[in-house]
Amino acid sequence: MFEAKNLERREGSKILLSSISLSVGPGDATAVLGPSGAGKTLLLRSLGFVDAPTHGSIRLEGSEWSFGRGTPRAPAPWPRVVLMFQSGGILGHASLFDNIVFGYRGKANWPEKTETANHLAEQLGLSSSLNQRAAVCSVGQRQRASFIRTIISDAEILLLDEPTASIDPAQTENVADIIIREKGQGRSFFISTHMLGFAKKVCNQFIYLQDGRVLESGTMEKLESYSNPDFRQFVDLSSLR
Amino acid sequence: MLDIILRYSPGLVAGIRTTLELWLIIALTGLVIGTFVGWDAARSGRLGWIEVIGRWFVSVVPALVLIMWIYYPFQALLRVEIPPFWSCALALGILNALSVAVAIRSSWNSIPIEIRLLGPMYGATRKTTFFLVEAPILLQLSLPALLTIQIAMLHATLLGSFIGVDEILKVTGRINAIEYQPIELYTILAATFVLLCIPLTIVAGWLARKYRIAAV
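Protein chains in written order, with this note's numbering: chain E, 2 to 242; chain D, 8 to 223.
Since the hints were derived computationally from the structure, they do not count as laboratory data.
Warning: the hint list may mix true and false statements.
Pairs of lysine-lysine residues, derived as DSSO-like cross-links and limited to a Cα-Cα distance of at most 30 Å, are as follows [as the list claims (entries may be wrong)]:
1) E/K202 - E/K108
2) E/K108 - D/K134
3) E/K114 - D/K177
4) E/K15 - E/K184
5) E/K114 - E/K6
6) E/K184 - E/K202
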């Protein structure tokens, strides 16, 4: 179980995340929905221990990380929790293959990880460009490489920030299939996305953020039943995509 | 002009050799010590105080003042005798190391956090993180500044003439005192520096292109 309680992030007097509590169990996937600037990326970065919240706590299987003034910073639980960044995080000078598997160089699980990486690359149409330098690859190719790197990690909690933003519909379907398969193996996901269809396919619960606050949350089955006007407008507009 | 070059070639060659030896010592010590201090200051903060002092020191103390200070009061205080060549090497070596440390730390701080966290987040070994992630990006970011500093240090070796280092400016001045052909002699001096700096500029350009877009 991965649980966050009262996460808050302030910059001076501005509240960027306000008292956010959420949890995800094995095999769960939570869609983090909301308009641009709502705080989705910041929430995922906080859950991924990339940006420390100014207040609150995160609990993972009995271990707890507390945040706040004067609280000693404990080491982040990487690679049990990993974040796929919305942009960046790809080494332009290295090949896509190296970007995917660099974490396992010199380790015993290298053969197994490279095999999985090759298999996923084939599934996502990336096999022919694996040896290309990332700097000369398209945004979509780099995003698929970043996705594969996240999937082949040993993480129990996978945070995906707009994982399909630059991927075509066919590959988006493949990404969804891979996430569903990984969920079946007990891995948990937080996925920020603007694509409601994709979220409905892979996620079983959602939170809707606006101005750093959770406006609505619940199960994906009941998504259509919420009446908050801002949320309804978001759902209606997202359904047009 | 060719006549002067041929007539004074042993002296000119000796002057160029002294300039290059001085510069090589300054460049090597500065790059090695400065990179170590800058890297440690950026990573662990233990040597951050050196980099902070360096940032201040480099911006307020002129190189010539430091050379003079090491050549006169420093030796008098310690009651030691340091030859002009080594006094100049020490002063410029210190300035170079501090400048390199400042450049390395600034470059490290400008690496996006998404890149800096890749190694620890995906459990890569320290060796992989250094050679595949950190070093290439740090090289790309710091290279223009490092090469500019080294070219500035090459120029600063001329200041050694003020304390009697027999580098190329001193030799040129001495020949001019005999021949009084300032246009020819100082044109030769300028051409020498152009020839010394061109390879550095070419290498800098090549490396900058090689490591362009290190992080995307």
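Okay, the hints, checked on the actual structure:
1. E/K202 - E/K108: Answer violated: E/K202 to E/K108 is near 35 Å, above 30 Å.
2. E/K108 - D/K134: Within the cut-off at roughly 12 Å; holds.
3. E/K114 - D/K177: Distance of about 63 Å is beyond 30 Å: violated.
4. E/K15 - E/K184: violated (36 Å)
5. E/K114 - E/K6: violated (34 Å)
6. E/K184 - E/K202: holds (12 Å)
Violated hints, in rising order: 1, 3, 4 and 5; the structure is consistent with all others.
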